[in-house]
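K.L.:
Chain by chain, the residues run as shown.
Number of protein chains: 2
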Amino acid sequence: MTVTRGDVERAAARIAGRVRRTPVVEGDPGVVLKLEGLQHSGSFKVRGAFNRVLAAGRLPGAGVIAASGGNHGVAVAHAARALGVRAEIFVPEICAPVKVARLRALGAAVTLTGSIFAEAYEASAKRAAETGALEIHAYDHPDVVAGQGTVGLELMEQAGGVDTVLVAVGGGGLVAGVTAALDGAAEVVAVEPERIPTLHRAMAMGEPVLVEVGGVAADALGASRIGRIAFDTVTAAGVRSVLVTDDAIVEAREELWRGHRVAAEHSGAAALAALRSGAYVPRPGERIAVVICGANTDPSTLG
Amino acid sequence: MTVTRGDVERAAARIAGRVRRTPVVEGDPGVVLKLEGLQHSGSFKVRGAFNRVLAAGRLPGAGVIAASGGNHGVAVAHAARALGVRAEIFVPEICAPVKVARLRALGAAVTLTGSIFAEAYEASAKRAAETGALEIHAYDHPDVVAGQGTVGLELMEQAGGVDTVLVAVGGGGLVAGVTAALDGAAEVVAVEPERIPTLHRAMAMGEPVLVEVGGVAADALGASRIGRIAFDTVTAAGVRSVLVTDDAIVEAREELWRGHRVAAEHSGAAALAALRSGAYVPRPGERIAVVICGANTDPSTLG
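For the protein sequence lines, the chains are A and B, in the order given.
FYI, in this note's numbering the residues of the first sequence are 629 to 931.
FYI, in this note's numbering the residues of the second sequence are 629 to 931.
The hints are all genuine.
Because identical chains cannot be distinguished in the list, a pair is counted as satisfied if it fits within a single copy or across any two copies.
Straight-line distance between alpha carbons at most 25 Å, and here's what the computed SDA-like set of lysine to any residue pairs gives:
hint : residue 1 : residue 2
1    : Lys727    : Val841
2    : Lys727    : Pro927
3    : Lys727    : Gly887
4    : Lys727    : Gly931
5    : Lys754    : Arg686
6    : Lys727    : Gly843
7    : Lys727    : Glu882
8    : Lys727    : Val878
9    : Lys727    : Ser928
10   : Lys727    : Thr929
Bear in mind the hints are in silico, worked out from the structure with no lab data behind them.
Let the sequences and hints guide you as you build the complete structure.
P.N.:
Written out as structure tokens, the structure is:
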């Protein structure tokens, strides 16, 4: 199953006025940075959350439900509050109290359950079956993918002459949406941490497979398998996959703060790491855009 | 002595390609934020520094000299390095070691002298007389003011329908430059901390006067007297002056991080504080731009 540019265009119309048009700024020569960490809720995830809810039309009384103590959970809680909808968020018991507090501050009902994400997800699915709440998957739903793709539509309006767009991959919602949005107008390079190669491994095996999850970006890119929609969409489009080390991610994040005063979480710096570390080497004159996709970081670790 | 829109336009041509076109983003409804903290060196100051050096033409062998352990010093060091010019920076002995290290990392020769800024400034002026180095004043020079004004030219291109621009005031270089750039196309509101009312007091007294300096934004807005050029330029243009409390500044800075993932130093949040605290109350439908002018802050204090 793939998502198309038309799907992304419809998503853009649906979520207009609900999400911020995030800025692009100049990076190194020939490079622009799309500062999607300045989005509501601190990451791109709110685009998919709004699109999923708005595309669903009339909602059940139980509202929406999602599993995630990270960016997706915060985004769903933000979208639900903005739309006046009840939100229930399931998070594993290890979730940092500050994240639970943030979800509650956004008005969500939070349930702590299970020792890992997969257990919290199972519990949320069971609960959704009981209550009838609308499940908002973190990446593997066409409306979520299409919503994330609106980053790509904006980017091409803001930096139309770009040849290549670098995007980080966790479950693949963003990279698939951006690939659909560009529809061949620019190439997409999918960037993953070496320690969470969901797409890279899937491409090697010919289908989504489970991978071990670790490293500095695991809190946000830590899906253990690439989404089906993402896999189908990016392989159909011939997206290239590159891997970056944790050290490269850490360096790129430091440079964003030092050289740009941009706060990024590790996942948000992963795509830039590919460029700075040489994991992706542009041709001479190639014009690059890099999506800095999240800023939900402890600022005390930036300096 | 006043600075004109023509001066600012010439500055813009001179420094083109040397400074970043910083983005504007949406704030509350009817409000745009100009994120000038994303500028090279982390503040607007580099615009004035480049313009001063480039307008001077052929430079003495001794290069440039300035007094400031803060944003101005870093901006001068940045501009000097970019232009291949020697820079000497005088800072008071109380200057934080991290700031001295940053100046040295930019290749500047740093001299620690005096217990307060005024003593470091005196020493730098004496040194300049000996070496012939080009003095780069932090605010009270027409080329510095004109350079800072390029923020205003950009802003009007980016957000042309704005009625009013809120700008923080220390020595007044930025507010004077922006006032000149706008040339009546939008109103300017000058925002100062209650504890450093250089412009407010000068307006009351009819001329620049010394004020006591204190409070959370003193590291960047801590001029003890408004610049002559700033005073003449903004009073001729009928700029309004408002004061904000330190509490309001702290709150605005927190909101920039919490709601926008924008890192700002206290001075950088002062203009927004006027809006959020009600020190400046827009008319219904009034469209506002707020200059977030600096991001050189300890990020561990943002959270």
